[in-house]
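Could you build all of it, start to finish, from the sequences and the hints given here?
Protein sequence lines correspond, in order, to chains Z and H.
If you're matching positions, the first sequence starts at 111 in our numbering and goes up one per residue.
If you're matching positions, the second sequence starts at 111 in our numbering and goes up one per residue.
None of these hints come from the bench; they were simulated from the model.
As the structure is a prediction and not an experimental result, all values here were calculated from the model.
You can trust all of the hints, since none of them are fake.
Identical copies look the same in the list; a pair holds intra-copy or inter-copy alike.
Straight-line distance between alpha carbons at most 25 Å, and here's what the computed DMTMM-like set of lysine to aspartate or glutamate pairs gives:
hint	residue 1	residue 2
1	K414	E329
2	K414	E112
3	K414	D424
4	K414	D114
For reference, the chains in residue letters:
Protein chains: 2
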Amino acid sequence: MEADLIRELSQILSGLPTSGVLAGIGDDAALLSPSPHRNLLVTTDSQRENVHFRWDWTDPESLGYRLVAVNVSDIASKGGVPWSGVTAVGLPQNYDPEVLRGVYRGIAEACREYGCSLVGGDLSRDSGRWNFVLTLLGTIPVGIFPARSSLSEGDSLYLLGRPGRARAGYLSLLRGVGSELLEPARRAFRRPRALLAAGQALSRRPEVSATIDSSDGLERSLSELSLASGLSIRVEALPVTEEVRTWSAILGEDAETLVWTGGEDYDIVLGVRVGQEESFLQWVRSDLLTDSGEEIHYVGRAVKEDDQASVFFDDTLKLIKGRGFDHTVS
Amino acid sequence: MEADLIRELSQILSGLPTSGVLAGIGDDAALLSPSPHRNLLVTTDSQRENVHFRWDWTDPESLGYRLVAVNVSDIASKGGVPWSGVTAVGLPQNYDPEVLRGVYRGIAEACREYGCSLVGGDLSRDSGRWNFVLTLLGTIPVGIFPARSSLSEGDSLYLLGRPGRARAGYLSLLRGVGSELLEPARRAFRRPRALLAAGQALSRRPEVSATIDSSDGLERSLSELSLASGLSIRVEALPVTEEVRTWSAILGEDAETLVWTGGEDYDIVLGVRVGQEESFLQWVRSDLLTDSGEEIHYVGRAVKEDDQASVFFDDTLKLIKGRGFDHTVS
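Structure (structure tokens):
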């Protein structure tokens with residue numbers, strides 16, 4: 111890769127937090143000094159052209175921002191603090207360096223917002239289209255880690271966030287439905303926010319057993335929790351908000367399906383221990399949701415079911431074709 | 111991604127070292143416990159179909175091995191110990207899961223050999239061909255880090271390894287030159303070894319100022335050292351071995367060019383402080399090279415030159431077209 115371009119990208123990234131960074135970009139490996147009494151979190155996520163994004167739907171800055179946010183969401187859902195990342199970029203034939211600069215400006219913007227830095231990377235030709243991988247390190251106090259597997263029988267399941275937004279935005283872009291009403295949905299798809307402060311606060315609450323971010327949608331998050339804990343999950347309510355109902359109507363979509371199977375909202379799904387729901391919800395309403403624009407939704411309950419971990423619906427919810435489903439209007 | 115496939119890949123990776131791994135594959139992020147009194151190294155490198163490899167040149171196991179080895183080389187060149195990695199895989203349309211399993215078997219083989227584990231990853235469709243990214247964490251005692259920038263005026267430059275091998279292997283595969291004599295070269299290209307023990311030993315020697323791995327070839331390694339240190343490098347000798355002369359003759363290539371511009375050998379280029387060459391070489395010959403199959407080669411010297419960091423050739427070496435060059439036969 112051209113030394114000039116790498117120097118330019120390094121300049122775009124300059125001024126990011128350097129706490130614990132002893133040597134960043136410019137050597138065979140970055141050198142970091144871990145904090146005493148803290149553990150490390152490691153996550154990696156990709157953004158691939160024509161799979162996760164299309165250039166006619168987004169701009170390089172938003173894409174760079176998104177690459178960071180989706181990784182921060184994984185650190186956030188476990189209660190950690192984003193620290194340092196490294197990128198690996200696959201460049202198509204005859205790529206435009208201004209696109210690359212734009213992506214790095216977006217990466218820098220998100221890193222500033224979430225308090226992390228970029229300490230290295232790999233730029234390489236790819237025989238296909240653009241693809242971007244970010245591996246992000248986070249730190250977390252020893253003893254904190256709300257594992258997926260720590261969901262217990264009887265735990266209530268909640269979702270913190272605004273599910274269905276990103277899917278509505280995606281469909282609006284896919285189908286060229288330009289309605290102004292859908293702009294917040296398109297923005298949620300292009301530039302997801304990670305629930306960093308909320309994730310950290312949740313991980314410290316004694317009422318919270320397990321957490322997972324909803325990167326692949328509510329259905330998938332519940333399946334993963336069920337698989338990891340060996341428990342079944344009975345879904346009792348779908349968090350369909352008024353805005354999602356409005357958007358679904360414009361898009362001619364079923365609102366429940368949007369919320370159930372639509373991913374990329376980067377909300378947090380969590381288990382709350384039996385008998386601790388009241389104190390949890392009191393805290394959520396008084397401390398967590400204040401001015402955040404986020405919402406808390408009851409989703410269902412973890413149950414023991416025939417030795418078979420699965421996600422199923424309460425009688426009041428009717429499953430359709432084993433995937434999406436329909437809320438029984440009473 | 112299918113839960114079954116992820117479970118299969120996790121099984122392939124089971125039994126790898128888990129020192130300091132509190133939670134590996136199967137959560138939003140891996141949880142690691144860093145060693146006290148050690149710093150962290152972070153590096154990332156990719157293997158992309160039809161850029162770094164072709165399936166008619168290699169097999170999935172070798173490719174997986176290579177993905178690990180090229181990252182280990184970066185940790186090794188700084189003197190570190192490989193610890194934990196995360197992968198990001200771009201899957202082509204209609205990919206063969208057996209290829210993926212093969213790559214993971216190769217990853218597991220190399221991880222076992224180099225003593226590290228895989229603690230997470232991202233599997234995702236890609237609109238192009240196969241691409242694999244590995245981000246590898248290493249650990250290193252506080253105080254050790256032979257930075258590229260610590261090359262000093264007057265330092266001698268040495269290369270440890272066998273340069274030109276991988277390039278000869280690559281050309282043999284590219285041109286379908288199947289000669290048995292070239293088999294070790296093809297193997298070096300397919301399954302590079304990382305100089306892990308040697309890198310660790312070098313980083314502890316007081317005579318060694320700076321190190322870099324030669325992933326992109328000798329020319330590029332010297333340029334990077336020159337850029338990072340602000341010094342020029344005068345090349346005085348090219349490490350052309352007998353085997354490379356033989357291979358070059360078969361391939362109809364210039365042996366010096368092979369050694370100079372050919373990359374992917376994953377040798378180590380290093381600076382040795384003024385006046386300390388003798389003790390260094392004594393140690394190298396008595397302790398470092400024993401039975402390793404590797405060689406040490408004097409390459410040149412770091413000099414101050416008109417405020418302009420550059421790599422140039424001694425009078426006895428004749429530069430051709432500013433890139434490759436010709437050894438002046440005296």
